[in-house]
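K.L.:
Please model the complete structure; the sequences and the hints are all you need to start from.
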Amino acid sequence: MIDPQLLRDSPDTLRRSQEARGASVQLVDQAVAADADRRTSIQQFEKLRAEQNAFGRTVASAPSDQKRALVLQAQALAEQVKNAGQKAADAEAEFTRIVGSIGNVTIEGVPAGGEDNFVTLREVGAQATFDFEPRDHAELGELLGAIDIARGVKVSGSRFYFLKGVGARLELALMNMALDKALAEGFTPLITPTLVRPEIMAGTGFLGEHSDEIYYLPADDLYLTGTSEVALAGFHSDEILDLSNGPLRYAGWSTCYRREAGSAGKDNRGILRVHQFNKLEMFTYVLPEDAEAEHDRLVSWQESMLAACELSYRVIDVAAGDLGSSAARKFDIEAWVPTQGTYRELTSTSNCTTYQARRLDIRYRTESGKTTPVATLNGTLATTRWLVAILETHQQADGSVVVPAALRPYLGGLEIFEPQA
RNA sequence: GGAGACGUCGCAUAGUUCGGCCUAGUGCACCACCCUGCUAAGGUGGAGUACCCGUAAGGGUACCGAGGGUUCAAAUCCCUCCGUCUCCGCCA
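For what it's worth, this note's numbering labels the leading residue of the first sequence as 1212, then goes sequentially.
Accuracy of the hints is not assured; some may be wrong.
Said to hold, decoys possible - Cβ-Cβ distance ranges computed for the label pairs, FRET-style:
| no. | residue 1 | residue 2 | range |
| --- | --- | --- | --- |
| 1 | Glu1556 | Ser1367 | 18 to 26 Å |
| 2 | Thr1577 | Arg1333 | 21 to 29 Å |
| 3 | Glu1290 | Ala1323 | 49 to 57 Å |
| 4 | Gly1624 | Thr1577 | 33 to 41 Å |
| 5 | Ala1323 | Arg1619 | 42 to 50 Å |
| 6 | Gln1237 | Lys1365 | 45 to 53 Å |
| 7 | Gly1267 | Thr1583 | 50 to 58 Å |
Stated by the list, open to error - Listed next, the in silico DSS-like pairs over lysine-lysine satisfying Cα-Cα at most 30 Å (straight line):
| no. | residue 1 | residue 2 |
| --- | --- | --- |
| 8 | Lys1278 | Lys1258 |
| 9 | Lys1477 | Lys1365 |
| 10 | Lys1258 | Lys1298 |
| 11 | Lys1581 | Lys1258 |
| 12 | Lys1258 | Lys1293 |
| 13 | Lys1375 | Lys1477 |
| 14 | Lys1278 | Lys1293 |
| 15 | Lys1375 | Lys1365 |
It is worth saying that the hints were derived from the structure and are not from the lab.
Quick caveat: nothing in here was measured; it's all calculated off a predicted structure.
C-beta: ideal position from N, C-alpha, C; glycine also.
P.N.:
Below you can see the structure in the form of structure tokens.
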């Protein structure tokens, strides 16, 4: 949720942000009107309620012969209070609905426009070249006995797979390397629930535009999370945090589930786009004024992971129209995928400023003792998808794959994945 | 899965019998000041969260796990949900 104060003080800021996102500018004016409406109806209700409270005390202390008449009067007042209360509740709900649909205010410098309007901040590492016809990761995975797509489909349907042998080991190695990286930076590791309640899913903003991306279990009224961000953000919901010793940083590991509705026919081959994968996610709670610096730190940690995997990549500043509603700015790191001749997203890191925290009621105390929302940020440190880029980038003519040096300690010293006979 | 108990302002507790004297008492911890010659004790006062009005001082409303209901009036009565604990059963 945006800061309601901003709505009153500088609605133009919000209008510009909505415009950059390609979202409704008119929504801002509706919100301003709903805010005014809400406040007058609250005033009316509270005034009546105060009268009723005062009257109640006279009724209680009145002699019994007067009580009957007083109660009669009180009944009329109660009716008015009830109506005013209903009106106030309705106005509040309407205000919340409208304000809730306004996206976070984008940060100065975020490119306007849609998916294709991103700005490339930097390209790092040479793109792999081969003096043979490179195999794609699906083929390599089969050759190495690392990925078994056919059996995944047999057991669970399309977009499911088994990681097997060195494939399973590579994924665990990658996750462990990422975890060590996180530990070195002071993160607290968390293994998070992947089934969450509706309030938590709604609080993190995933039930809005992404709702048909999410698996839902009606028998239990629970949602399967598409990222541990959901549980990590919910972790401190309704709490007042102490950030005086610096940011709270969590590294959450979990399996992620995505329906991939609407992407039928897209990335059908291999494990680039699947219904289930694993991810190590960074999530940090920081003071609002430190959020942008923290965002840069998250990106640099991600970059060091890609560098450790010896991948070629670019960092992009995602355009306003392609941000989720919670994000004020988002950097994606995309790795070069040789057989596709293009960059594909391996990580994403969002600065949600105070937007997500306001909805989840996560605050800290300022020096004056007032409570105010914290800023939250999240970013990927490793996912199953990385296997695609790692396998393809480091392949050799015979179908073997050289293991990046940094990963070897996590694979018992294994230096090369050999094709199976 | 069966049976039962419980959820109160940081922590601990009172209040729920029989609705109004609860604007929720008390202890501990906390903050400020006072007193006291010293690691202690005592005194006075303050202190929750959110929202509304107000430049402010201040005033008001709501909150007793959550949401509904009954009532002139709900911590207290009724319903639903969530959670915790104990015992039994079953099973990793």
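K.L.:
Lys1258 and Lys1293: Cα distance at most 30 Å?
P.N.:
Holds, at roughly 12 Å.
K.L.:
Assuming the hint says 45 to 53 Å, is it satisfied by the Cβ distance from Gln1237 to Lys1365 or not?
P.N.:
holds, 51 Å
K.L.:
Does 33 to 41 Å hold as the CB distance between Gly1624 and Thr1577, or does it fail?
P.N.:
Taking Cβ atoms as reference, Gly1624 and Thr1577 lie about 52 Å apart, which means the hint is violated.
K.L.:
Check the hint pairing Lys1375 with Lys1365 against an upper bound of 30 Å on the C-alpha distance.
P.N.:
holds, 15 Å
K.L.:
Can the restraint linking Lys1581 and Lys1258 be considered satisfied, given a maximum Cα separation of 30 Å?
P.N.:
holds, 27 Å
K.L.:
Confirm or reject the claim that Glu1556 and Ser1367 have a C-beta distance inside 18 to 26 Å.
P.N.:
holds, 24 Å
K.L.:
Within 30 Å, alpha carbon to alpha carbon, are Lys1375 and Lys1477?
P.N.:
At roughly 24 Å apart (the allowed maximum being 30 Å), Lys1477 and Lys1375 satisfy the hint.
K.L.:
May I ask you to test the hint 21 to 29 Å on the CB atoms belonging to Thr1577 and Arg1333?
P.N.:
violated, 36 Å
K.L.:
Hint says 49 to 57 Å; check whether the CB-CB distance for Glu1290 and Ala1323 agrees.
P.N.:
holds, 52 Å
K.L.:
Keeping to a limit of 30 Å between CA atoms, is the pair of Lys1258 and Lys1298 held or broken?
P.N.:
Holds - the C-alpha atoms of Lys1298 and Lys1258 are around 14 Å apart, at most 30 Å.
K.L.:
If you draw a straight line from the CA of Lys1278 to the CA of Lys1293, is it 30 Å or shorter?
P.N.:
holds, 22 Å
K.L.:
Tell me if the beta carbons of Gly1267 and Thr1583 are separated by a distance inside 50 to 58 Å.
P.N.:
violated, 36 Å
In summary, the structure is inconsistent with hints 2, 4, 7 from the numbered list given earlier, while agreeing with the others.
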